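Chemist: Those protein sequences? They're chains F and P, same order as listed.
Per UniProt numbering, the very first residue in the first sequence carries number 1; after that it's consecutive.
Per UniProt numbering, the very first residue in the second sequence carries number 1; after that it's consecutive.
These are calculated hints, taken from the structure and not from any lab test.
It should be emphasised that the depicted structure is a prediction, and the values quoted were computed from it without experimental measurement.
It is possible that part of the hints are untrue.
It does not matter which identical chain is meant; a pair holds if it fits inside one copy or across any two.
To be verified - Below are the DSS-like pairs computed for lysine-lysine, each with C-alpha atoms no more than 27 Å apart in a straight line:
no.	residue 1	residue 2
1	K130	K83
2	K54	K128
3	K117	K128
4	K128	K100
5	K192	K120
6	K130	K192
7	K83	K54
8	K137	K33
9	K100	K33
10	K116	K83
11	K117	K24
12	K24	K83
Protein chains: 2
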Amino acid sequence: MRRLYHMPLSPFCRKVRLVLAEKKIEVELAEEKPWERRMDYLRMNPAGKVPLLKIDDLVLAESSAIFEYIEETHPEPPLLPRKPAARAEARRLAAWFDDKFHHEVTANLLYERVNKKLMKAGYPESEKIKAGLRNIKYHLDYMEWLFESRGWLAGDQMTIADFAAAAHLSCLDYVADVDWTRGQGVRDWYAKIKSRPAFRSILADLVPGFTPPQHYADLDF
Amino acid sequence: MRRLYHMPLSPFCRKVRLVLAEKKIEVELAEEKPWERRMDYLRMNPAGKVPLLKIDDLVLAESSAIFEYIEETHPEPPLLPRKPAARAEARRLAAWFDDKFHHEVTANLLYERVNKKLMKAGYPESEKIKAGLRNIKYHLDYMEWLFESRGWLAGDQMTIADFAAAAHLSCLDYVADVDWTRGQGVRDWYAKIKSRPAFRSILADLVPGFTPPQHYADLDF
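Work out the full structure, taking the sequences as your base and the hints as a guide.
Modeler: Here it is, written out as structure tokens:
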């Protein structure tokens, strides 16, 4: 039995869901609100974070470690290239989104607008929202620059880097914080990755109290 | 030619240095102050962070991606176990230190005490110092709990998890923020890992303006 403990608008959970779906691994979804600090959950993951993947008695935590486990045990289709240097580039960009983008953009926008409300932890700070909106431009421009010479983020094949980026951007798109007119390369890439079957269940998720913009689940946005 | 761009008191750089030294890979060290935002450096690593490993024309960034590259190209001695579940556990704990511990402890203590001064970015905030000192206790207790059933952090062999943890703790030990009397298991583990040849060059590093405590480089502390 495989169960993924997740939150619908967590980019780290979405990344793992995309990986599982791309590899056609079926999994039961269980929503977990980490801020409730359920003892049974903390016993499985003392870090108190989502996602957590439970496979029978095996408990896997930290999205990067979960990804590597899935890649090692279900290598098809591969989400890392074959050569070490190309693998490093895919992992570098996945870490770029999960660390730098997360810190500079996702935390400032999504966590201020959504998580604070869900956690009843006060109102969004306008300084953070402003910083997030300023920062996302640089990240979109960097992606655009990469797409000038690449078909996918890390090179000529789709990798974990694309799923990490798409996971963050899809969460931000839910709260209408992505300017898709900023670069044609980014827009084309997102249309391409959004139309994969793996994306379907993610785009169908709704979070009570938050309505995504019209184009959110539209494959031809 | 291999060159590692680093900072002496960056846990991420120390982790990579430990990995390189453990695998007996010689590397030239170049100190880089990321906050100076040198254009030549930003061209290599637009993330503007250290470490960065340059091997001839190949540029590798993000410490987790650098580690996986080294592990794949120089598998001996292995710093990940053989079985996927055990590899996931080692990667989970490496991520624990590089994300959770970093955020809750290292950023509050080391960055407040040292990086702010180096960057001429003001004085340490006492609230952050207090939070860091409070948080490190829980982390040391979690490590102690793991050592009740394990010889090394992630199991019965030394892995990247031990190097990630030791990298953070050695930086904090430089500013005397680790209470080594809190748990005998942690103390024994640190004595064991500190006495490895790989640790030597790290313990020899001095940062002008900051004097480590007497026991810092003492293998029998």
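Chemist: Hints first: check each against the structure and report whether it holds.
Modeler: Right, here's what the structure says about each hint:
1. K130 with K83: So K130 and K83 fail the 27 Å test inside a copy (40 Å) and across (46 Å) alike.
2. K54 with K128: So K54 and K128 fail the 27 Å test inside a copy (35 Å) and across (35 Å) alike.
3. K117 with K128: For K117 and K128, the Cα distance is within 27 Å both inside one copy (15 Å) and across copies (25 Å).
4. K128 with K100: This pair counts as both: shortest intra-copy Cα distance 15 Å, inter-copy 21 Å.
5. K192 with K120: neither (36 Å within a copy, 46 Å between copies)
6. K130 with K192: neither (29 Å within a copy, 48 Å between copies)
7. K83 with K54: between (30 Å within a copy, 17 Å between copies)
8. K137 with K33: between (30 Å within a copy, 25 Å between copies)
9. K100 with K33: Result: close both inside a copy and across copies, 24 Å intra and 18 Å inter.
10. K116 with K83: Neither: 42 Å inside a copy, 39 Å across copies.
11. K117 with K24: neither (34 Å within a copy, 51 Å between copies)
12. K24 with K83: Answer is both; intra-copy 24 Å and inter-copy 22 Å each pass.
Against the hints set out earlier in the document, violations occur for numbers 1, 2, 5, 6, 10 and 11.
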